[in-house]
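Residue strings, one per chain:
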Amino acid sequence: MSKARRDQLLSVLGILVLFSVLYLFQLFGTDYQIRILNNMAIFITLAVSYNLVNGICGILHLGPNAFITVGAYTSALLTMSAAEKQASFIIEPLIWPLSVLHAPFVVSLLAGGILATLFAYLISYPVFRVRGDYLAIVTLGFGEVVRVLCNAFQTVTNGPLGLKGLQPHTNLWWSWGVAVLTIILITKLINSSYGRAMKAIRDDETAARAMGVDPFRHLLLAFLVSAFFSGVAGGLLAHLITTISPTLFTFFLTFNLLMMIVVGGLGSTTGAVLGAALFAWGGEALRVVENPINLGVIRIPGIPGMRMVIFSILLMVVIVFARRGIMGRKEFSWEWLIGKFSKSPTGGSSVAS
Amino acid sequence: MHGFFETKNLTMQFGGLVAVSSFSLRLEQGELVGLIGPNGAGKTTVFNMITGALAPTAGHVYWQEQEITGLPLNQVAARGIARTFQNIRLFVDMTVLENVMVSFHHKIPTMFWECMLDLPRARRTEEQIKRESMELLQELGLAHLAHEKAGSLPYGQQRRLEIARALATRPRLLLLDEPAAGMNPLETMDLAQLVSDLRARHSLTVLLIEHDMKFVMRLCERIKVLDYGVTIAEGTPAEIQSNSEVIKAYLGDI
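Listed in order, the protein sequences are those of chains E and Z. For the first sequence, the positions run 1 to 353 when the numbering used here is used. For the second sequence, the positions run 1 to 254 when the numbering used here is used.
Next up, chain Z with everything else stripped away, as it sits in the complex (with noise of 0.2 Å):
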């Protein structure tokens, strides 16, 4: 019915404002869209109301055949689509280890009251959550930083955490917020490269937000370009490179 993911005419309104009108984008599973557009466009507010961090005005969003539209942010990613944030939020007083951690909380079998009698399961799952939390620190490059603070890490690899603390929810489809930004062409090559072989290795789809062009043309297969919170355009790389309506929504008229 709905396939894999699917939003239907997804709409945004601050008081007279129209961030967002009538998004609809439908995912298959395993795909790699990029969403693009100028600044201001209403990218992030597209990912805001998929996560429920914003209720939508109007619209659906479905999620493997349930409709989600304005499920708390938690519960959202309880179901498996994790997102990281354009302007890093990191939990900065904790470790990196304890930032991924934090991750697996959501759905370990352990009370309370057996953490705080110290019990043998709740011993055994912290144990298990500490292992796999360095697996993914050591998939993503982090691992000799477990210790540090996660505020004192430089700014590509806070990115790099927001990455593994999102992996670590175990998400079926993960939303990337600029993954890029700020980042040089080396780190951004290795990092277009890192996010195609997560995608892989977790069987992941990955729905990414991004400026740097060369990257999303060179990860992406499908791309959807937003202006003023209006789809311009939809297509392939190539298609999008040639399509004359983003180029005026990028440069203007000509």
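Pulled out of the complex, with its shape left as it was, chain E reads as follows (with noise of 0.2 Å):
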């Protein structure tokens, strides 16, 4: 059996495995639990498709929350009923033919995608135009832009009121089955020769420029890609937690993004998957800092927003141990885990002797 063909055979061992937790999950775990669970695929979708570009790619964008907000209000406004709509829309109604249509839930993600992509093809122009802290600052930019515009346009989006009562269609299927599928479609992509390319540029335009690899083009195909999973997670955000406003895709949502890769390490995405589901699980798990806590002698108030401390410091931590985050650039393969199982105790002594 060829190395690829075992590798193969180990990756859909592994995602069946995954589902049957799942599936143990859904069956025996509590609400709270499985709420954790989607979080963590969606962050996880959401992660690996915004590594693509800050990662690997090497630009530093800072708006993926515009495609998550796209995609999410385009989703939700297609699974709403028209008489949802109407009861939804109480100050200003929402203008046809948005009032009508309807879809089923997997149209609208694939919507949802769509014209995140759309939404991403128009402003990749000036965004591309230029490098570096600028091309930050542009994005971060459209990311409030299109926040704003979310507020303004009462007629589509109903404003600050946002968009209530939405069909919990999120399950653990939807979400894990995208975020599998992302982290397989990207992944084959990042090792593919147009993965090379991005790598190229990022490691050094100009020579890449040099060797034929037209920058724009490659820039562009990984801003579209990313844009497309992130609108896609922003769907099944929007139908896990049922009500969306402005408020829910600020630059915090950028920011918590961008920790994740980070800690997880920028280039890798074992690091942003690792990344997002330490921070989905670790957002949960820390919410103890912020209950009142009763020491015996003294009674520390529970504290608000503590928990934000706490990943700050965790933060620094990890930048100030592991520079470049948990994985660096490195990535996950069958190999090293075997390697790291068939580590016999004599094949240690032949290294050393």
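These aren't lab readings, by the way, just hints derived from the structure by calculation. The beta carbon of each residue, even a glycine, is placed where N, CA and C say it ideally should be. Among the hints, erroneous ones may be present.
Unchecked claim - In silico DSBU-like links for lysine-lysine, alpha-carbon gap of 35 Å or less: (1) E:3 <-> Z:149; (2) E:164 <-> E:85; (3) Z:130 <-> E:340; (4) Z:130 <-> E:188; (5) E:330 <-> Z:107; (6) Z:149 <-> E:340; (7) Z:149 <-> E:188; (8) E:330 <-> Z:130; (9) Z:149 <-> E:330; (10) Z:214 <-> Z:149; (11) E:340 <-> E:3; (12) E:3 <-> Z:107; (13) E:3 <-> Z:130; (14) Z:107 <-> Z:149; (15) Z:107 <-> E:188; (16) Z:248 <-> Z:8.
Stated by the list, open to error - Here are some chain Z residues the structure puts well away from chain E; computed CB gaps all over 10 Å: (17) 152; (18) 157; (19) 250.
Said to hold, decoys possible - Simulated coverage check for chain E against chain Z, where a stretch passes if three residues somewhere in it have a Cβ under 8 Å from a Cβ of chain Z: (20) 180 to 193; (21) 209 to 219.
Could you fit the two chains together into a complex? Lean on the hints.
If you want it as structure tokens, here you go:
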């Protein structure tokens, strides 16, 4: 059996194990646990697609919240029934044809992804005319613009009131199905000739161009693919929390994503997955610190926001002790895992001698 | 009309400084021409103007009867003019093999979605790129280092990898910017042999910048000398060696 064939089999096996575990949670887990798992999957989708732009292409893009917003609103507006929309839009009615459009969940997710991609395409020309800090500022700006537009366009987004009462379509199968698919497709892209061209642009744009690589085409490709999956994840997010409003999609969302991929290791998909999983799980686990703590002698009252303080400290610890994040630019491979397990004591001594 | 390759009155001005003035050069297919001159003479600027890294202030570049002046770097590379860099610019975080494979990218037939879906054509193309890259590495004596990080190679081998990477774009004109810089005499002579071998095997036309006179005199059929951006001499190695203008430029007035 060739190594490629073995790795493929192991990957299929790994996915089966993952979904079996999810099935057990579906049967025996609490609502709270299932919610964390859904969150985790959505964050994984977002972090992996965000990493494609920031980690692989090496450009500091600070506007993924715009793509998520576009995806979430598109998908939400498509799954709401006409009656629900009429009931929700109390200040200004929703414009035609959005008021009558209705689509199944899966179509709404795809539409969310496609619209986010279109939006990314529209802003790509101004964005990729600049590099570095300037690009960061331009994308940060577009992220804010979208949020402000959501507040302003009451006839489309219902303004600050947001969209309420969405059907909770997102379940473990949808969220993890999309997450696994995103990981597979983006990993294939990164490991292909296109991914190599992107990494070449990251390492030295002038040299990459001298080897015939067109930077604009490849940055655009990464940007659009990233926007598509972010849009789909936005749709999932909307149908998980069932209420969306502009306050959900502030720069804070981007900042959280940035934290995930930096802690995981910029440029590593494995790192993005780890970072997202840690964030989703850790965010909940750290809720403890916001509760009042009774130490017997002294009582510490609950401090809201304490979680973020601890997160910041953890972030600094990672940056100090592992400057390139948990994974650096390394990726998980079955080869590495097998190597870990087959390291017998005799093998170790032969290396030592 | 313009022949295989020609530059006409190429001029580059940076503010008040004229880095290169009226640089004209004609290359016939298969020639090996040297470009020499003291430090700061504008040699690398000429390369930058030819390849599109800099847009010339004035003048024209013709390649295979077409004007390519001011075309972006990547399009010039795609049309068959490749270059190496004086200050080595490898993709340091990628392996030696990957560095070479990048250069094949600009003409792969596969679309990105074929790669994402791992379709048979994408796999075949990838295999073919890998095979051709390994052949090139073999040719340049780097095959045993294929899976090392490019940044971890010793200096001389990084220079060779630069050449391998440029060759992988399948150029017809190769511009070498100080390929022997930092090499010891033995390595330099190896390199001279390599360059003339590669030229024959890949039917290349070569234009090279070099400070090592032994290297230039041994290898080049024709030499052009720049000083302060102005062409001061042109001719065979023997003619250049005895040219008083050239001696003055290098050694000052005697």
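Here's how the hints hold up against the structure:
1. E:3 <-> Z:149: holds, 22 Å
2. E:164 <-> E:85: Roughly 9 Å separates the two Cα atoms, so the pair holds.
3. Z:130 <-> E:340: Cα-Cα ~28 Å, so holds.
4. Z:130 <-> E:188: holds, 16 Å
5. E:330 <-> Z:107: holds, 28 Å
6. Z:149 <-> E:340: Roughly 23 Å between the alpha carbons, so the hint for residue 149 of chain Z and residue 340 of chain E holds.
7. Z:149 <-> E:188: Distance ~21 Å between residue 149 of chain Z and residue 188 of chain E Cα, so the pair holds.
8. E:330 <-> Z:130: holds, 21 Å
9. Z:149 <-> E:330: holds, 13 Å
10. Z:214 <-> Z:149: Roughly 32 Å between the alpha carbons, so the hint for residue 214 of chain Z and residue 149 of chain Z holds.
11. E:340 <-> E:3: At roughly 17 Å apart (the allowed maximum being 35 Å), residue 3 of chain E and residue 340 of chain E satisfy the hint.
12. E:3 <-> Z:107: holds, 29 Å
13. E:3 <-> Z:130: holds, 17 Å
14. Z:107 <-> Z:149: Holds: residue 107 of chain Z and residue 149 of chain Z sit about 25 Å apart, inside 35 Å.
15. Z:107 <-> E:188: Given that 35 Å is the threshold and the Cα spacing comes to 19 Å, the pair holds.
16. Z:248 <-> Z:8: At roughly 26 Å apart (the allowed maximum being 35 Å), residue 8 of chain Z and residue 248 of chain Z satisfy the hint.
17. 152: holds, 14 Å
18. 157: holds, 17 Å
19. 250: Its Cβ never comes within 10 Å of chain E, the nearest being 30 Å, so this holds.
20. 180 to 193: holds (count 6)
21. 209 to 219: holds (count 7)
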